[in-house]
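J.: In case you want the letters, here they are:
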Amino acid sequence: MSSIQQYIDLYESCSSAVDAGSTAVMNLPRRDALERLRGAKLPSRGDENYEISDLEDVFAPDYGLNINRISAANVDIDEPFRCDVPNMSTSLFYFFNDTYYDDNIVRPALSAGVIVKSLREAGETHREILEKYYAKIAPMDDAQVALNTLLAQDGLFVYVPAGVVVERPIQVVNLLRAESPLMVNRRMLIIIEAGAQARLLVCDHTQSPGVKFLNSQVLEVYVGENSVFDYYDLEESSIDTSRVSSMWLRQAAGSNVLVNGMTLTNGFTRNNYRIDINGEHAETRLLGMAIADGRQHVDNHTHISHNAGYCHSDELFKYVLEDEARGSFTGKILVAQGAQKTQAYQSNRNICAESARMHTKPQLEIYTDDVKCSHGATVGQLDPDALFYMQARGISCQEARTLLMQAFMSDIIDGIRLEALKDRLRHLVEKRFAGTLAQCRNCLGTSCHGKMKSIEKRKN
Amino acid sequence: MELTDKNIKNKTILDEAANGDYKYGFVTDIDTHVIPKGLNEDVIRYISQVKGEPEWLLDFRLKAYRHWLTLEVPHWAHLNIPEIDFQDISYYAAPKKKEGPKSMDEVDPELRKTFDKLGISLEEQMRLSGIAVDAVMDSVSVKTTYKERLAELGVIFCSISEAVRDYPDLVKKYLGSVVPYTDNFYAALNSAVFSDGSFVYIPKGVRCPMELSTYFRINAADTGQFERTLIVADDDSYVSYLEGCTAPMRDNNQLHAAIVEIIVEERASVKYSTVQNWYPGDKNGKGGIYNFVTKRGLCRGDFSKLSWTQVETGSAITWKYPSCVLAGDNSVGEFYSVALTNNYQQADTGTKMIHLGKNTRSTIVSKGISAGYSQNSYRGLVRVAPKAINSRNYTQCDSLLLSSTSGAHTFPYIDIKNDSSVVEHEATTSKINEEQIFYCNQRGISTEDAIGLIVNGYAKEVVAKLPMEFAVEAQKLLQVSLEGSIG
Chain A
10 MSSIQQYIDL YESCSSAVDA GSTAVMNLPR RDALERLRGA KLPSRGDENY EISDLEDVFA
70 PDYGLNINRI SAANVDIDEP FRCDVPNMST SLFYFFNDTY YDDNIVRPAL SAGVIVKSLR
130 EAGETHREIL EKYYAKIAPM DDAQVALNTL LAQDGLFVYV PAGVVVERPI QVVNLLRAES
190 PLMVNRRMLI IIEAGAQARL LVCDHTQSPG VKFLNSQVLE VYVGENSVFD YYDLEESSID
250 TSRVSSMWLR QAAGSNVLVN GMTLTNGFTR NNYRIDINGE HAETRLLGMA IADGRQHVDN
310 HTHISHNAGY CHSDELFKYV LEDEARGSFT GKILVAQGAQ KTQAYQSNRN ICAESARMHT
370 KPQLEIYTDD VKCSHGATVG QLDPDALFYM QARGISCQEA RTLLMQAFMS DIIDGIRLEA
430 LKDRLRHLVE KRFAGTLAQC RNCLGTSCHG KMKSIEKRKN
Chain B
14 MELTDKNIKN KTILDEAANG DYKYGFVTDI DTHVIPKGLN EDVIRYISQV KGEPEWLLDF
74 RLKAYRHWLT LEVPHWAHLN IPEIDFQDIS YYAAPKKKEG PKSMDEVDPE LRKTFDKLGI
134 SLEEQMRLSG IAVDAVMDSV SVKTTYKERL AELGVIFCSI SEAVRDYPDL VKKYLGSVVP
194 YTDNFYAALN SAVFSDGSFV YIPKGVRCPM ELSTYFRINA ADTGQFERTL IVADDDSYVS
254 YLEGCTAPMR DNNQLHAAIV EIIVEERASV KYSTVQNWYP GDKNGKGGIY NFVTKRGLCR
314 GDFSKLSWTQ VETGSAITWK YPSCVLAGDN SVGEFYSVAL TNNYQQADTG TKMIHLGKNT
374 RSTIVSKGIS AGYSQNSYRG LVRVAPKAIN SRNYTQCDSL LLSSTSGAHT FPYIDIKNDS
434 SVVEHEATTS KINEEQIFYC NQRGISTEDA IGLIVNGYAK EVVAKLPMEF AVEAQKLLQV
494 SLEGSIG
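Chains as they are written, first to last, in the working numbering: chain A, 10 to 469; chain B, 14 to 500.
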């Protein structure tokens, strides 16, 4: 029996509670989702593009759900500050599990007309926008999307009106905290209207070590004509956290999109990126990085569809895998018929050490002739000559390895279009390779300097 | 359009090209023995009986058939395959023979004419090029030439039916050892109904002095061809094997589901070259051969080597992945391929390199060319097992697009399970370079010829790997297959 059944049973037994904890627009597609889920199966190993990830397994355990929307108690407001990016002032928003958290948070006003709030609330205040965009591009025939649509009660809503440039990056901190195993269904709806510009930084953290979490999220992103949108997703969760995230992004003509997904610490991660380029002269840059050791599992799947001509897409994913870590990259570039003068590049580079395993499948599907497309994939090790060279000059083997791996990841970090975040990530990656990321958290959490600065910022 | 001399000339060339592109489309009028359509255990028993096969082979066939019944037609390839009615195919067709020919003179003159048309005159080849030819027409091997010479060295080169009769131990030992009947749908089908094919055994330390060659031809209508090739290269031996395929023009689709199994022992080396030119269907995609082939070689011994070279220009649908299982330490696998599709042809082809032994190396060079409304896919797998330390793979697959209505796709699967192996994959897709065409035009070379030149240059890396006789044919084929595709 498919592991979906338990969720169907759950929904059927408390559908009114689910609806009550949400908003009308989000309740509307639940019926359809339920019908789609009957008899459906989550993708499992052996299915195309799921060579190493078994979602049936991931969704099978019995997790608790916060259907009655019991608000988060004992929220440690200081904890989030470890996500603080020095020298960068952001508009901060918090989610505790899948609940939008807005108590006692003072933040500077957003630019005129810009809306960042909980989806549940937006369902009341901006119903017409939600009706137009909610659950429209993430297709229900994807079982994970349907399951998320069935159960998600809240999420993030970002709306940037036409022509507005949001100077200050928007930062969303997702915190997972619970006493017992918890499933989190999160939804994000992001609408960037024509000519607008915005940057969004999303950080995932798990605060309860040893507790199992399942984080299932679906993002729908609309990027309007000639607009610019940067999306950074940084995952620092725990080995007991499973995350399944699907992003569905639609780009209009002349738009410029940067998506950067970074996995530093995690348990099981499956990220789907589906980008449809529907207008001419649009640009897309999709970057990804994964550093995994122990029994970490990182699986990224990308699908960029060039549906219009004269567009440019560039995709680069880099992995460093050690110990028993498992990595997978399955990517596809599809150039539709008539999408002439397309330039699409895809690359996946991996360093695989010890008994780590890497699975990669970079695909091209091209239905027109006037294109320049390439893809490449490599799996290899650190250059022994370079290691030797550095050791001959008095650098310890461990340090030399760290330096080389950092250099390997620099392409991804250099792609970030926020100077302060770039510095911060360099630091985090360095700590991650040195194996001191956990300590770094504590030191940031308790250092007076970090805290004071954050509090100052909060008051500003 | 004004009918100037030049236009008229161009028009005739184009007409010629458009109509005369498949030059192997003729039907040989030979008395053929065809059994009624349909497939069941009786048909298999009948095939086995006609061929005078031993009990164990019939068992093998029946087991395969029963397994086949449990399988479903695979749909994972990037191909649009019309539903095939497996009961609407005749599973056995053989040229009627009174007695086996004792010498060349006794070979049916019609048959010999066929081979002359194909450009593989048996006598010519015996005398001049020294190639030993095993010609398989429809389902039965007609004549294996040059046998005496090979027999002196202990090389066995005969049809698989003869091998079953004369060398049952060898066949029993190796048949199905690389491609078991449980492998896939078409392998199971082939194992159940295979009618003939070639068997090659190269004894220890023997370097086969000539190229061995098979020519396959489907002649009778509504028949499927299910040949089976088994090549065994014992320790320290070497053989180069060539395979050519053609079929006459027919409106309906014909099925070809073959199996090639190769076993390479210690320090042995096998080179397998294919020029596949089955009938690709007409310009509207009508007719043509469905070419669903399972080819796999097992490099069992240390320091063994297997090299696949293929030039694929024919068939309406090609589904073919010549693979190497690199089990022996330091073994080497190679795959060089040119796949050209035109009109409504579809190809999903590539290779699998399975690295199991230490220090194993593999190279993949694949060149796809798509024209007309065709779809051309490369699908490959490189798998490095945990014990295959220090293994190395290099893959390059390029696609060239000649029309805006054609498609070129790449599906590489890379699966690495150890930390000392290096795997590289590169692929590019681009349009034919207009500047190069312009350059040729300026020097008085027509666009059609220019494209032929550019395509041949593009495919040179692979064609150069073919034995000389095949290389010339392959170059011509590439040019011929592209004629009339400029648009």
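None of these hints come from the bench; they were simulated from the model. Where a beta carbon is used, it is the ideal one built from N, C-alpha and C, also for glycine. Any given hint could be a false lead.
Only pairs whose alpha carbons sit at most 20 Å apart, straight line, appear in this in silico SDA-like list of lysine to any residue [as the list claims (entries may be wrong)]: (1) A:Lys381 to B:Ile450; (2) A:Lys350 to B:Thr441; (3) B:Lys430 to A:Lys381.
Below, a sample of chain B positions facing chain A; criterion: calculated Cβ distance under 7 Å [said to hold, decoys possible]: (4) Leu75; (5) Thr195; (6) Asn197; (7) Ser417; (8) Ala421; (9) Thr423; (10) Val435; (11) Val436; (12) Thr442; (13) Ser443; (14) Lys444; (15) Asn446; (16) Glu447; (17) Ala484.
J.: Could you run down the list of hints and mark each one as holding or not?
T.: Against the structure, the hints come out as follows:
1. A:Lys381 to B:Ile450: holds, 18 Å
2. A:Lys350 to B:Thr441: holds, 15 Å
3. B:Lys430 to A:Lys381: This hinted pair is violated, its Cα atoms lying about 32 Å apart.
4. Leu75: violated, 29 Å
5. Thr195: violated, 17 Å
6. Asn197: Status violated, d = 15 Å.
7. Ser417: Holds: closest Cβ of chain A sits about 5 Å from Ser417 of chain B, inside 7 Å.
8. Ala421: holds, 5 Å
9. Thr423: holds, 4 Å
10. Val435: Given a least distance of 4 Å, the restraint on Val435 of chain B holds.
11. Val436: OK, holds: Val436 of chain B within 7 Å of chain A, min 4 Å.
12. Thr442: holds, 4 Å
13. Ser443: holds, 6 Å
14. Lys444: Holds. Min distance 5 Å.
15. Asn446: Not OK, violated: Asn446 of chain B not within 7 Å of chain A, min 11 Å.
16. Glu447: violated, 9 Å
17. Ala484: violated, 28 Å
In the structure shown, a violation is registered for the earlier hints numbered 3, 4, 5, 6, 15, 16 and 17, in ascending order.
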